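**Q** Take the sequence shown: its letter number 170 is residue 972 in this note's numbering, and every next letter is one higher.
Some hints could be false.
Said to hold, decoys possible - SDA-like, lysine to any residue: derived pairs with alpha carbons at most 20 Å apart:
1. 995 / 951
2. 874 / 959
3. 860 / 829
4. 924 / 827
5. 924 / 1081
6. 995 / 929
7. 874 / 819
8. 874 / 939
9. 995 / 952
10. 860 / 848
11. 860 / 850
12. 874 / 934
13. 874 / 960
14. 924 / 914
15. 924 / 913
16. 924 / 935
17. 874 / 847
18. 995 / 1015
19. 874 / 936
20. 995 / 1012
21. 860 / 833
22. 874 / 940
23. 860 / 873
24. 860 / 827
25. 924 / 1085
26. 924 / 1075
27. 995 / 1007
Hints listed in this document are in silico derivations from the structure and should not be mistaken for laboratory results.
Note that the structure is predicted; figures quoted are calculated from it, not measured.
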Amino acid sequence: MDFTLAGIQAFVEVAERESIREAAESLGYTPSAISQRLTGLENRLGVELFERLGNSIKVNATGQQLHQQALKLQAAVEAFGINAANVLGQRRAIALGGFPSGLSIAIAPALGQLRELGVDVKLITVEDAQGQQDLRLGSLDLLLLQEYVVRAPRQQDFTYHEVFTEPLALVSSAEIHNLEEAGIERWIISNPKTVCGHGVRDICRRAGFAPDIVADIEDFGLQLDIVASGLGVAILPRSAIAAHHSLDLWVKELAGTSRTILAATRTSSEGDETIAQCLTTIRSHRPPNPSAQQNRPLHDQVGP
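Make the full structure from the sequences, and use the hints.
**A** Okay, here's the thing in structure tokens:
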């Protein structure tokens, strides 16, 4: 049987995303082109690989078995490409995805040096769940993730690299002495579907209260502007506060709480010298201790 890598790639994309349209968008083809590749693969095998019900498409039992083999084949092809690039001393383009504040604080400062090193970086804003799928399928080479307080589950096919860890702080327009005292305030918090929104709600829950949320805002800068207006309080990473140091805010670090920014790569890409250089450069540009940049002196820490 004669199989093409393009056909196998289309098969893996549709099997993972369960959508011909999304697979087409990821690969840069039309949905009809992806459908033709799937049909061609099934014709060569002489069996159907998918269950098709209206707009829904899922791998059947046969497709599930071949899906695992296809993933191994893709990993082998990737390993060949990595070894070839290393032998030839070539630098390839890196697709790097992540959440906006992470790209701003962890990636943007390193872009100049990466360009000088000949590393071409393509930046994509993406949330964690979608980003992990894109990383697994090869649409991304490196994904920024964040953890609040609790360590998130690890994926077996990913390797995780810590970029930096920073404290979280309670931010208010007037002096607040402890987190329990902040429980009676109104709160500005990100959407609960985001890592930061879920993490802040969990911190409040551990402190014994459910926050009275007056604004559901994901943008850290806007959160700080709203806090400065006196509408409510927020819990934010120190780097986000330091980036808006001109605001007149009361800041208290919360002992025992932190945000960790991680870079995830595919385990199959280990040995890729371009990715390794990218990681080293990103880590070398980690933000300085933001406490020293604050316009107000820090006061006593409070517990979570």
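**Q** Now, for every hint given, state plainly whether the structure supports it.
**A** For each hint, the structure was consulted:
1. 995 / 951: holds, 16 Å
2. 874 / 959: holds, 11 Å
3. 860 / 829: OK: residue 860 and residue 829 at ~18 Å, within 20 Å.
4. 924 / 827: Within the cut-off at roughly 17 Å; holds.
5. 924 / 1081: holds, 14 Å
6. 995 / 929: It holds: about 10 Å lies between the C-alpha atoms, which stays within 20 Å.
7. 874 / 819: Measuring from Cα to Cα gives roughly 18 Å; hence the hint holds.
8. 874 / 939: holds, 12 Å
9. 995 / 952: holds, 16 Å
10. 860 / 848: holds, 18 Å
11. 860 / 850: This hinted pair holds, its Cα atoms lying about 11 Å apart.
12. 874 / 934: holds, 18 Å
13. 874 / 960: Roughly 14 Å between the alpha carbons, so the hint for residue 874 and residue 960 holds.
14. 924 / 914: Holds. Residue 924 to residue 914 sits at ~13 Å (cutoff 20 Å).
15. 924 / 913: Satisfied, since the Cα-Cα distance of roughly 10 Å is no more than 20 Å.
16. 924 / 935: holds, 17 Å
17. 874 / 847: holds, 18 Å
18. 995 / 1015: holds, 15 Å
19. 874 / 936: Measuring from Cα to Cα gives roughly 17 Å; hence the hint holds.
20. 995 / 1012: holds, 16 Å
21. 860 / 833: holds, 16 Å
22. 874 / 940: It holds: about 13 Å lies between the C-alpha atoms, which stays within 20 Å.
23. 860 / 873: Given pair residue 860, residue 873 holds - Cα atoms ~16 Å apart, limit 20 Å.
24. 860 / 827: With Cα atoms ~18 Å apart, residue 860 and residue 827 stay inside 20 Å; holds.
25. 924 / 1085: holds, 18 Å
26. 924 / 1075: holds, 17 Å
27. 995 / 1007: holds, 16 Å
Hint compliance for this structure: no hint is broken.
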